[in-house]
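Chemist: For reference, the chains in residue letters:
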Amino acid sequence: MRTTDDSRDIFSTALNAGSRLWWAGCWIRATLLAGMWVTLAWVPVAELPRACGQLLIGVIALSIAFAHSTPGGLDVVARVQGTDVLVNHLSRTSGRATIDASGLGEGLGALMATLVYVGWFPVTGFPVAVRSVGLALAVCYSWEALLQAVIDPGWYSTDDPPARAMRVFRYAIPVIFAGIITFVLLPWQPADSQVPLLVRVALSASPAVYYLVWAVFDVMLRASAIALRNSQSLWRWDIWGDVHSSVKNTLVFLNQYAEDPDPDVDELRGLIRNALVVVDDFRGQLIGAQVGGAGGGHVSDLWNSVVRALGNTHKAQYALDDASASMELSATDYQIAQRVLPDLFSNAMKAGASQVGAKCSIEGEPRVIRVEVADNGAGMPAVGAVNPQTSLGVLRERLRERNGGIEHSRNATGGMTAVAYWHADRGVGLPGIGRVQGP
Amino acid sequence: MNIVVADDLFWPQETVRFALAADPATKHHVVTGVRDPEELRRLPDLGTFGLAFVDLDFRNTSGKSGLFALRLLEQFDVRAVVYAADDEDNRALSLMAAFRFFHPHGLVSKGASSAEIRQAVTVIESGARLDTPAMRRYARPRGLSYIDRLLPRVGDLAIWRALARFTDRRTIALAAQVSPRTLDTFLNDRFDIVAEISEAFHFQAPPATPTPVTPALTAGEARHARLAPLHAFALTHRRFFDDAELEKLLRERDDGRDPPTAGRGPAARR
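Protein chains in written order, with the numbering used here: chain A, 1 to 439; chain B, 1 to 270.
Keep in mind the hints are simulated off the structure, nothing from the lab. Just so it is clear, CB atoms sit at the ideal spot from N, CA and C, and this is done for glycine as well. Treat the hints with caution; some may be incorrect.
As the list claims (entries may be wrong) - Cβ-Cβ distance ranges computed for the label pairs, FRET-style:
| hint | chain 1 | residue 1 | chain 2 | residue 2 | range |
| --- | --- | --- | --- | --- | --- |
| 1 | B | Asp242 | A | Gly72 | 41 to 49 angstroms |
| 2 | B | Ala228 | A | Arg283 | 18 to 26 angstroms |
| 3 | A | Ala215 | B | Gly155 | 34 to 42 angstroms |
| 4 | A | Trp235 | B | Gly127 | 43 to 51 angstroms |
| 5 | A | Trp42 | B | Pro180 | 37 to 45 angstroms |
Unchecked claim - Partner residues aside, some chain A positions facing chain B, computed with beta carbon under 10 angstroms:
| hint | residue |
| --- | --- |
| 6 | Gln54 |
| 7 | Thr124 |
| 8 | Tyr257 |
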């Protein structure tokens, strides 16, 4: 098995985190923007239209960002007349780390929102406290938007690692951003100087926190890679245990039977077919296609394993009766069926069938399980070893132990229908089909 | 004699039944089976069985282990043989615990031939116990048993469990809620017994003792040199250390409470 490469795991985690952080970021920015709209309550009516106009840019940009990351979101935007060009552009850039209309819009929106409170043409009439709070909200908005760039998964890409110059630039982002904030926050107008110096200094210095976030993010990424490696190793040992329990044990019993003084060759064939089906059943459990296996399970899972292990889809069509598919067998009955079904199935194959159908039923009291395989084959050559009547002899004898047997009859297609039946595992109190409530 | 086979797989039960049916001398035995220990507990007529074949690992069907089944069988006075893949290294501790806490009448390997199965049943039917080299490996060595040296306190389970899940010393200590110093002491104290068990049961190569190989190890390196083999050991035996029944047995041992059938079995239990 391949060993894990930490840098790949780190990149995968960064991608997983990136998409979720982007979504969370949209909501955080929406909240901040909502807060800025609230501050407009303190604006004189004359200034209101301009302030609203400036904040509206952010609203539109953020709506596009939401549409970008919501499934079907862009389709909603496309319903608005004249947005074709925008939607086409956005669907091209969706999911790619590139400068697009959405990003530019948010940048412009953040700047215009900041300029509501400070800068060269600030809105007048804000109480000092409201202006400071509004400014803090606007800076936080840009801060959050740029955070996405600082911890962008692209920095960790193994497919397309960032160039050296870009990696250096990453260190410079907080410094450049701090410079921009400081510049915009200079007291350009009398209204600007209302904002206390302490607030302005704190906001200017805030990008330094990026370094902390970055460091924490990196630690989390490395920790997740280690956790992944540890769980992979646990998983490998578990799988090894499962392989041992289901597959190796089956082979141990096969080997043991083969080593017995006088093994029956048909029983050996049956055990080998069973082992093949167990391997395919195990595959089903491993890839999560089924849950049961040796611990009982659905008839459909067993059927799929049998077809996969023994069938040949070039030669024949295989069908399981719909009602049987969801039927559940207890652990014991499932394992008996794991022996019975492959034998009946392979006999149908040997008879040259081009269509093989299977059915399972559980009826009566005590419960009797019937597994039926119908084929349209011409029948088997009458040579002793492959005669179904003899090759199923051992199996028949085993089923007799459970008050069962095997019956053959000719069906309407000219082929054979074989039915194996046995009394369901008596069970001892577990509810469920195929089990009987114990006293 | 009524015989019950407790195994998550159905075919071991058939193997026992086939083996006994093949000889006129043993064909009078009636063999039935259950797929998990819970089912064994629900058997209305459990006390009527003369013998049980018990597997130790029921990963496919149940969260309960063979230790749970053995406790149950002793409570109902049913003789038990452990029926396990005894040559798999991840079974060794379960087998040791089975013989440490209970009194199974024998050990029958999953690879046993029909003749061996018949012989085991005949011996036990006569009232004797099996005495095979394979079984003697797991029966308690003189002095403290391996299990008692590996897990002197029930609290050690938390460290073994953390050792399987994590690879970093500080994380292991954090997960086990012990100080890193306590963990170091633990690693130091358990290193020899792990080496001894690994050697006695031929698991791969025994873990390398750090000092002779590189005498100039720093204290930190020495800690790591002990951590890696113990982590591997904990990983191999993870299912054993995770077993809730084991925890219960250790707690009973630590509390000085006697295991379920104390006083019934021959001689003292410790």
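Chemist: Hints first: check each against the structure and report whether it holds.
Modeler: Hint by hint, here is what the structure shows:
1. B:Asp242 - A:Gly72: 41 to 49 angstroms: Between Asp242 (chain B) and Gly72 (chain A), where Cβ atoms are some 45 angstroms apart, the hint holds.
2. B:Ala228 - A:Arg283: 18 to 26 angstroms: Distance hint for Ala228 (chain B), Arg283 (chain A) is violated at roughly 33 angstroms.
3. A:Ala215 - B:Gly155: 34 to 42 angstroms: With a Cβ separation near 36 angstroms, Ala215 (chain A) and Gly155 (chain B) satisfy 34 to 42 angstroms, so the hint holds.
4. A:Trp235 - B:Gly127: 43 to 51 angstroms: holds (47 angstroms)
5. A:Trp42 - B:Pro180: 37 to 45 angstroms: Since Trp42 (chain A) and Pro180 (chain B) have Cβ atoms about 56 angstroms apart, the given range 37 to 45 angstroms is violated.
6. Gln54: violated (50 angstroms)
7. Thr124: Check failed: Cβ of Thr124 (chain A) comes no nearer than 57 angstroms to chain B, outside 10 angstroms.
8. Tyr257: holds (8 angstroms)
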